[in-house]
Amino acid sequence: MLTSVRRLFRHLMRHRSTRVTTEGTRFLFFTFAVAVAAINTGNNLFYLLLAMMLSIILMSGIMAEACLRRLEFHRHLPDLVYAGEPVTATVVVANRKSRLPSFSLHLWDVTGEQDIDRGLTLWQLMPGASQILSYPLIATRRGRLRFDGVRVGTSFPFGLFHKKAYYPLDASVVVAPVIRPVESTFLQNLAVLGQDLSLPRKGHGSDLYNLRQYHAGDDSRTIHWLSTARTSKLMVRETEAEDQRRVTLLLSLLAPLSHERLFEEAVSLTASMAQDLAAKGYQVRLVVGGMSSPFGQGDVHLLRLMEALALCERWSPDGPESQSPSDDASYDPEGGATILLAPWGEPRKLFHGVHPDGIVTESMLQGRLHAV
1075 MLTSVRRLFR HLMRHRSTRV TTEGTRFLFF TFAVAVAAIN TGNNLFYLLL AMMLSIILMS
1135 GIMAEACLRR LEFHRHLPDL VYAGEPVTAT VVVANRKSRL PSFSLHLWDV TGEQDIDRGL
1195 TLWQLMPGAS QILSYPLIAT RRGRLRFDGV RVGTSFPFGL FHKKAYYPLD ASVVVAPVIR
1255 PVESTFLQNL AVLGQDLSLP RKGHGSDLYN LRQYHAGDDS RTIHWLSTAR TSKLMVRETE
1315 AEDQRRVTLL LSLLAPLSHE RLFEEAVSLT ASMAQDLAAK GYQVRLVVGG MSSPFGQGDV
1375 HLLRLMEALA LCERWSPDGP ESQSPSDDAS YDPEGGATIL LAPWGEPRKL FHGVHPDGIV
1435 TESMLQGRLH AV
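Going from the sequence shown to this note's numbering is simple: count from 1 and add 1074.
Derived from the structure by calculation, the hints contain no laboratory data.
None of the values given here were measured: they were computed from a predicted structure.
Every clue listed holds true.
Below, in silico cross-link-like pairs of lysine to any residue (SDA-like), each with a Cα-Cα straight-line distance of 20 Å or less:
{"#": "1", "residue 1": "K1238", "residue 2": "R1225"}
{"#": "2", "residue 1": "K1354", "residue 2": "E1257"}
{"#": "3", "residue 1": "K1354", "residue 2": "P1368"}
{"#": "4", "residue 1": "K1307", "residue 2": "S1294"}
{"#": "5", "residue 1": "K1354", "residue 2": "P1255"}
{"#": "6", "residue 1": "K1238", "residue 2": "R1192"}
{"#": "7", "residue 1": "K1237", "residue 2": "R1144"}
{"#": "8", "residue 1": "K1238", "residue 2": "L1174"}
{"#": "9", "residue 1": "K1238", "residue 2": "D1189"}
{"#": "10", "residue 1": "K1237", "residue 2": "R1225"}
{"#": "11", "residue 1": "K1238", "residue 2": "S1091"}
{"#": "12", "residue 1": "K1171", "residue 2": "T1195"}
{"#": "13", "residue 1": "K1354", "residue 2": "G1372"}
{"#": "14", "residue 1": "K1238", "residue 2": "R1093"}
{"#": "15", "residue 1": "K1238", "residue 2": "G1223"}
{"#": "16", "residue 1": "K1237", "residue 2": "A1168"}
{"#": "17", "residue 1": "K1354", "residue 2": "L1377"}
{"#": "18", "residue 1": "K1237", "residue 2": "R1192"}
{"#": "19", "residue 1": "K1238", "residue 2": "G1193"}
{"#": "20", "residue 1": "K1237", "residue 2": "G1193"}
{"#": "21", "residue 1": "K1237", "residue 2": "T1096"}
{"#": "22", "residue 1": "K1237", "residue 2": "L1132"}
{"#": "23", "residue 1": "K1238", "residue 2": "L1199"}
{"#": "24", "residue 1": "K1171", "residue 2": "R1090"}
{"#": "25", "residue 1": "K1237", "residue 2": "F1147"}
{"#": "26", "residue 1": "K1171", "residue 2": "L1196"}
{"#": "27", "residue 1": "K1238", "residue 2": "A1168"}
{"#": "28", "residue 1": "K1171", "residue 2": "A1239"}
{"#": "29", "residue 1": "K1237", "residue 2": "M1133"}
{"#": "30", "residue 1": "K1237", "residue 2": "Q1198"}
{"#": "31", "residue 1": "K1307", "residue 2": "I1297"}
{"#": "32", "residue 1": "K1354", "residue 2": "H1375"}
{"#": "33", "residue 1": "K1238", "residue 2": "R1090"}
{"#": "34", "residue 1": "K1237", "residue 2": "L1174"}
{"#": "35", "residue 1": "K1238", "residue 2": "L1207"}
{"#": "36", "residue 1": "K1238", "residue 2": "G1135"}
Generate the whole structure from the sequences, applying the supplied hints.
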């Protein structure tokens, strides 16, 4: 019985709460003083004043409750956000009451047990009307960011009480790892790895595709000086795209708790490399834990890689997951280069049968952490 009462109390406190403001405290104290004076003196004017003050308190509760009732909320979030980068989130507020408007509404995001103030305020929302509120959203950590609902509050009409109501509104967004620039020298070394096959289309390659006139913003290293001298105009060369410019990014999830920061840095570096290589025209494949993506290009493929990196979790070396599904001789690189990122342990011992073309070790990750 006592447990049921406690649950009911927590439920009511979560969905409805009232707080007396500073002005409300003064008003209640003054009301109490008037009540004492009315009882002691029996003066009808004091009783009249007391009745008016009590009616104001009653009206505050009724009108605030009316403002918070029959509201409807819809949240719109991007499919993917990057940790540390601001994006725009929107909340649509609709007043489903047929006659009564809502005044002086303030909104909070509810995540778990925390109310987050986004600075969202609506001074007036007429019956049947709706309004879109936008705010910058910055996720600090990768993973899945969940929203439980929206809490709305008002101090209308007299500012004596601040009443809040909770509206469940489940939503979530995938937060990709932090993207930071990758050293150009490291990526230049990757450019010679793997089998290159020219295709008759423009892209990042070595064979000549076309000559055209120089445009502002073109890389000066692509200027074709012989044609420039012949035509007296700056000419640049375009190269053919190369098929099978493939890179497999192999991320080890094994790391003890003491290497948590190194593990997060390895995930961030993997995401940064995937984005950079994709922008340079490489076909990128990601192998992480039990997940192995196919080779691919384009925004949709990159989005899937970022989602996988956003949701991957560290495996303890002493846990049941310590034997990675990728740690066997059946691993097939399928052509191209393989880059292994290992935040802990000896990489070649972690992945038997894998012969990476490049290895990012624990010490290299520590160097990147110190450089941030």
